[in-house]
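**Q** Letter by letter, the chains look like this.
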Amino acid sequence: MTVTGTQSATPGTDAPPPHGLVRQHRSLPRLAPAGLFGLGAVAGILISLLTGFNPVLAVVYTVVLGTLAVYVVARSVEGTRKAFDRFVTCIVTSAFALAMVPLVSLVWTVLSRGLKRLDGEFFNSSMLGIVGEGGGAYHAILGTLIITGLTAVISVPIGLLTAIYLVEYGTGRLKKAITFLVDVMTGIPSIVAGLFAFALFAIFFGPGIRLGIMGAVALSVLMIPVVVRSSEEVLKLVPNELREAAYALGVPKWRTIIKVVIPTAIAGLATAVTLAVARVIGETAPLLITVGIINGTNVDPFDGRMATLPVFAYYQLTQPGFPPEYAIDRAWTAALVLIALVMALNIAARLISRFFAPKTGR
Amino acid sequence: MTITSAPPETPRPKRRVGDRVFAGSTTGAGILILLVLAGVAGFLMAEAWPAVTAPADQIPGGDGLTGYIAPLIFGTLLAAVIALIVATPLAVAIALYITYYAPRRLAMAMGYVIDLLAAIPSVVYGFWGIATLAPALVPFYVWAEEHLGFIPLFAGPASATGRTMLTAGVMLAVMILPIISAISREVFSQAPALHREAALALGATRWEMIKMAVLPYGKSGVIGGAMLGLGRALGETLAIAIVLSASGGITFNLISSSNPSTIAANIALQFPESTGLDVNTLIASGLALFVITLAVNMVARWIVNRRADFSGAN
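Protein chains in written order, with numbering that gives the first Met the number 0: chain A, 0 to 361; chain B, 0 to 313.
In isolation and in its complexed conformation, chain A is listed as follows (with noise of 0.2 Å):
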């Protein structure tokens, strides 16, 4: 009885209403942020017309005033805590926006300048006897080919096996010294391997050596760090776990890593390799002194010098000769064909990656 009688009391207690002391939850709506940051950014643009039109200015008075709009309303609204993180999302959305524009910008700039040689003489002449019109980049496609060809060849192998006794087998001193030195090594500027490359061949063959296979060796030494750092992270990440269980089952150390760890970790290998590649096939530097250049067609990188298609971009635009439009069109093209080589190269490993990762959990 007194159960029930405490309860009938209770309302009259309670005399002060619930939602006094329970914190309330209001939150926007779900479109009210974008819409507050456009009514901010238009202010920002009206006032960069009012005082005189400058794009850079433009843009910081637009991320500030959207910003703001956003931080203030969300405040008043949703308390500090919210505010302060629909405050974050607008910088970060900004800084995203905004680090887009030049790389679009690229993007559009050489394919609209690329666009106008990308034709059937390009891929199939040569800069043999060409002045002026015409010409085209056959001979350097070719070179590219052959000396990254020959560059991966040397790199791959010793990249692979280097992350994998790194990871695997690696300890105390050895193993020290030969993560540092990679780490080093990964900071070699492009063109100090070239330069060693040089050094190299030319105490051998004397001043004024150049071949297709000093750049080859030239674009080793950046692409074998590269191969290690990215590969020995990959497989740094296949859980202990596995291999633990491999060896419980009997299965030998050298059996393990090819069957268990390398086919857990083949996604991110074959990216790591592909990155590699594609890094360097569009090094310039080293083979500007190691290789050189020439208008006519060399497949053979023992003997003399080749013609490469960042290395004839770069002459086509630098020294265009005259008239200059052709040979500067003509750059344009091989920047687009060179962009293009490496986006069939990053998407063919995103291709084999996608077919060769193993399931995982989340």
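By construction, these hints were calculated from the structure, which means they are not laboratory data. Predicted, not measured: the structure shown is a model, and the values here were computed from it. It is possible that part of the hints are untrue.
Stated by the list, open to error - List of simulated lysine to aspartate or glutamate pairs, EDC-like, C-alpha gap at most 20 Å:
{"no.": "1", "chain 1": "A", "residue 1": "K252", "chain 2": "B", "residue 2": "D18"}
{"no.": "2", "chain 1": "A", "residue 1": "K81", "chain 2": "B", "residue 2": "E207"}
{"no.": "3", "chain 1": "A", "residue 1": "K258", "chain 2": "A", "residue 2": "E240"}
{"no.": "4", "chain 1": "A", "residue 1": "K81", "chain 2": "B", "residue 2": "E196"}
{"no.": "5", "chain 1": "B", "residue 1": "K210", "chain 2": "A", "residue 2": "D84"}
{"no.": "6", "chain 1": "A", "residue 1": "K174", "chain 2": "B", "residue 2": "D18"}
Fit chain B to the given chain A structure using the hints.
**A** Just chain B, lined up with the frame of chain A:
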């Protein structure tokens, strides 16, 4: 009797041929790397030595080797530092946006795009820098000279072509942006899902979740990425050779058309036409660049190692 007198069979671990071959070849590959690096240093020193011992008046410029290299070192560091200051915050923002803000499907596509951009060759960036970026920045330089001219960085006179140190720095920033953000994105996305979900379950907002669960985990990755970016910025050659209008000398004025060159760009511009002692001088400057990147890498490595316990992968 015979059974007890037989020597006790100690179960020796069986050394399989496969194991030995595999261990041997991987170790060999590791040692080869040591040899290559020793070779780089050794051959460069051998080729640079004539320039070090040559009398000062035979070095190009006539001020001796130090006088030749010092402005180049200054230019190299200046461009790289500008690039790093501009690029790192943007790169972290890109990485955070892609991993935790963008809609999932869009984020996948963005990730691909950024990876593709990381591989665009430097010479192409140089093309873009001189054709698009430099002209686009000229109005800003004029404005900066007018309104910010009291700061020595913007003292001017503003370059009419836009081929300035600041343009070179911004271009380098664009170049290293994909590298830093790709690595940051990788580590951010590997932040333990349980930590993130725990933070959200306790009522953290998205930013608080990132601050507590993602950033501490990803910090060493970001530094590692910035290190790679700095390495690329320091050694960047042709993009700068194309874009920067270099006239030598040391100046902090970022928007005029007389700028210090960088070591790498200088080598690329001079090397094909050089012979004799000039080649040795250029190789000596290359050696200086090598030493600088070595020092930068060692410092960065030390920073990363300090936080190694926090990083993933173990």
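**Q** For each hint, tell me whether it holds in the structure or not.
**A** Going down the list of hints, with the structure as the test:
1. At most 20 Å may separate the alpha-carbon atoms for a hinted pair to count; K252/A and D18/B meet this at roughly 7 Å.
2. Of the supplied pair hints, the one linking K81/A and E207/B holds, its CA atoms being roughly 10 Å apart against a limit of 20 Å.
3. With a CA separation close to 14 Å, the supplied pair K258/A and E240/A stays within the 20 Å bound.
4. Between the alpha carbons of K81/A and E196/B the distance comes to roughly 18 Å, so the proposed pair stays at or under 20 Å and holds.
5. Distance restraint check for K210/B and D84/A: the Cα-Cα separation of roughly 11 Å lies within the 20 Å cut-off, and the hinted pair is therefore satisfied.
6. Of the supplied pair hints, the one linking K174/A and D18/B holds, its CA atoms being roughly 18 Å apart against a limit of 20 Å.
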